[in-house]
Amino acid sequence: MPGIIAYSAYIPYYRLNRETISGAWSRGRARGEKAVASWDEDTLTLGVSAGLDCLAAAAAVAEGLSGLYFATTTSPYKEKQTAALAAGALDLPADIRTCDFTGSLRSATQALAGALDTTAAGPGNEVLVIAGDMRQGAPGSTLELQLGDAACALLVGNNETLADIEASSHRNADILDYWRSGEDRFVRSWEERFGTSIGYSQVMAGTIKTLLAKTGYQPADITQVIIYTPDGRSQVEVARRLGFDPAQLADTLFDTAGNTGSAAAFLSLANALDRARPGDRLLLASYGDGADAFILKVNENINAFLGRHRLKAHLATKRYLDTYEKYLSFRDLIPVEAPRLPDPFPPSAPVLWREREGLVYLHGGKCTRCGTIHYPPQRICANCQNKDSFETMKLAGKKGRLFTYASDYTLTPNPDPPTVYCCVDLVDGGRMQTVMTDVDPQKLAIGLEVEMTFRKIFSYKGVHRYGWKVRPAVTAEQTETEGQKQAAV
Amino acid sequence: MRGIKDQVAIIGMGCSKFGERWDAGVDDLIIEAVYEAYADANIEPKDIQAAWLGTVFSGFTAISLTRPLQLSYIPVTQVENLCATGAEALRAAAYAVAAGACDMALAVGVEKLKDTGWTGLPAAPLGGSQIGSAGEIPVPAPPGFASLANRYFHHYGIDPREGKKTIAQIAVKNHRNGNLAPKAHFHREITLEEALNAPVVCWPLGLYDCCGVSDGAAVAILVPASKAKDYRRDPIYLKAAAISVGSRQGLITSDYDYVHFEENVRAARMAYQEAGIIVPLEELSIAEVHDCFTITEMVIYEDLGWCPRGQAKSYIEDGVFTREGKLPVNTDGGLKCFGHPLGASGLRMMYEVYQQLQGKAGARQVQNPRLGLTHNLGGSPGMAISSVQVAGNELG
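Protein sequences, first through last, are from chains A and B. Going by the working numbering, the residue at position 456 of the first sequence is 456; the numbering climbs one at a time, nothing skipped. Going by the working numbering, the residue at position 271 of the second sequence is 271; the numbering climbs one at a time, nothing skipped.
Chain A on its own, in the form it takes in the complex (with noise of 0.2 Å):
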């Protein structure tokens, strides 16, 4: 049976405290937080952050990947593929399916249904399924409270699943409740009593009602209930009309990192798996023009799965935005002052396309006569100048320390100074000249571990450069320090 051979989620380093918003425009109380992409992340590189934590979790156990699915209603661009960017950064082959599940809050479980269409049609055919969205909401809007940023990904397929996929049910429904035009920047939304009761709920409820009918399952057959949530309470009202008791719900992480978009089922889907054990039946059900739902089983594989802790250590390595003003300009929603410097100079098409083994794909050479490592990829060795003799290296997945840094606040445009210019040398060998970036100051000391993390360097004239930088390795270590330091708070 199809299921989910691995899972994961990714939550962006920054938050912002809901009362950071409210207060800013001296409204009432506001409950939790939300997540906030930094400023070098977009829809893209949130979503290869969470491939890339899937495929590593799966790597023992997926057998050879058919395609691509990405889903969000944020994509970078209008006119061109999202999927096949995030396979560069995933550096995955070229002769597997890519294709946008966009428009949609319902997109990632469409790219869900679309990739169990695909595995069904071939027993050895693998699927990841990337669901990543960035919404915004109009500053001084309910939205923008509610709206959280964060991926995920699902690796789909027949075989080694950690949770099959018993039944699913699926309904569109034309209704005027969010929206965004291609001039809109911002969500846009009819009164939310007229979406909620005459959309979401009714919908929502109708599309699982369906499918508990038609697999004869019973609310308390039922071990999570995982229910998309527009505004952190209205699934409450969904549950209790099926006659769900609302401890069967399954945290929609609405307060910790907000409505997460095309992410937010799948977010809640992975935080109910980590709970999860072997023999427990989950339902799944999102919403957006319509509504799906899925019955998941989960089998004893869960216990293995090596990213069952991946989200509890983002949840825990976070980084409040003191201000609102911040926030604002993370998402470039005040002017300010451009450097007195030359412009960089514009993505060259051409360039990008040539250098994409070293840019995107993050692959380093290592000299097949002395074994010296190279990054960016050397046609010259550095060490024996052989020529044109390297063996390719896959540095992405790599850790590596820093060797020195020098943290800038004053010279390179940053909402969130510092920027930490820094020279790193990966444990297997080779060194990588980069920038840093998710960083707590307090914890820069020559030594720091890092990780490798895909961004957008820089936009120009609508061109989005993306490339590869380090951030402080997200540990179990760094989340227990981490956790105290909230307890302590």
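None of these hints come from the bench; they were simulated from the model. Note that the structure is predicted; figures quoted are calculated from it, not measured. Just so you know, nobody snuck in bad clues.
Chain B stretches covered by chain A per the calculated footprint, using a threshold of three residues with CB under 8 Å from any CB of chain A: (1) 117-123; (2) 199-210; (3) 242-255.
From the three backbone atoms N, C-alpha and C, an ideal C-beta is built for every residue, glycine too.
With the hints as your guide, set chain B onto chain A.
Just chain B, lined up with the frame of chain A:
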């Protein structure tokens, strides 16, 4: 390899006032320095047989030199070698004279930075051409050299606050010297406290650890050494002109330690060999080195063999490189006080060596100098261009 020792002499030099020259364009700076050199050498413009123009941002082809000077139909070339550009112009001219290709050559270095409106210099792309280096994130100079300082302190177990105090002493020394150099941009002595309390540009580098952004030009006129006395009684003889260009190995291979510049070591080795110098600290009378940042000057002391590795701190504390010390370094205040108009700096340094060797350095004059050294460093740790040139006031 016979080298150029004692084959080429400098018979005239000129140097514009350095600073924020709102009043002067590139052409004005060139004319100011070149006509001082013509007068110093007592020659006419028509005597120049070939010329080299060194500039990074302020010129486009050799016509940038021929047009303001109205040099007609002689061979002229523009050269660029990052921060060693001025030294490169001098080296090219010296080689032409040594080769017998011309009997009088003009080397000009100029940079007009203050017309750009830039804050500091644009970050240098680390590899290849500017357009062809899409894979690299350019690093501005201060973080590049702050990385050197952070690693240096770590490597030698120096407490960073203590290390900051050590490099601040270099700023204090250079400002003390620069106060006596009329053509310097900055004329102000600073105290150690001022240096330590100045705003941080990129930790541990504060404002006074970084050189300024200035305009300037400097010029040398070269003839074969055998003809030098026809022009003046006190010509200065070139003893060595070495350049070492790294291939950015340090940014790729992990054996680079970020506490030295291999390019400096190699350029110094070449220059000492060419000049016949065995114990530089004993034999050199003065040195002008590339103090783009104070930490750079500290590392240069070690790279150029003036003190053992890791011991620059105690040499600084002992005052070895002050004007009264064993080897006065940056007697005119260095880049700290002249700023760093890239194309001009190497020739400006030689201008100071020239004046010192002729005993014309006024209040800055060191006692009985015989040999002087200039040093430039372009690039950043792991990927650099280093020039070392030596000149003396006697043949042999």
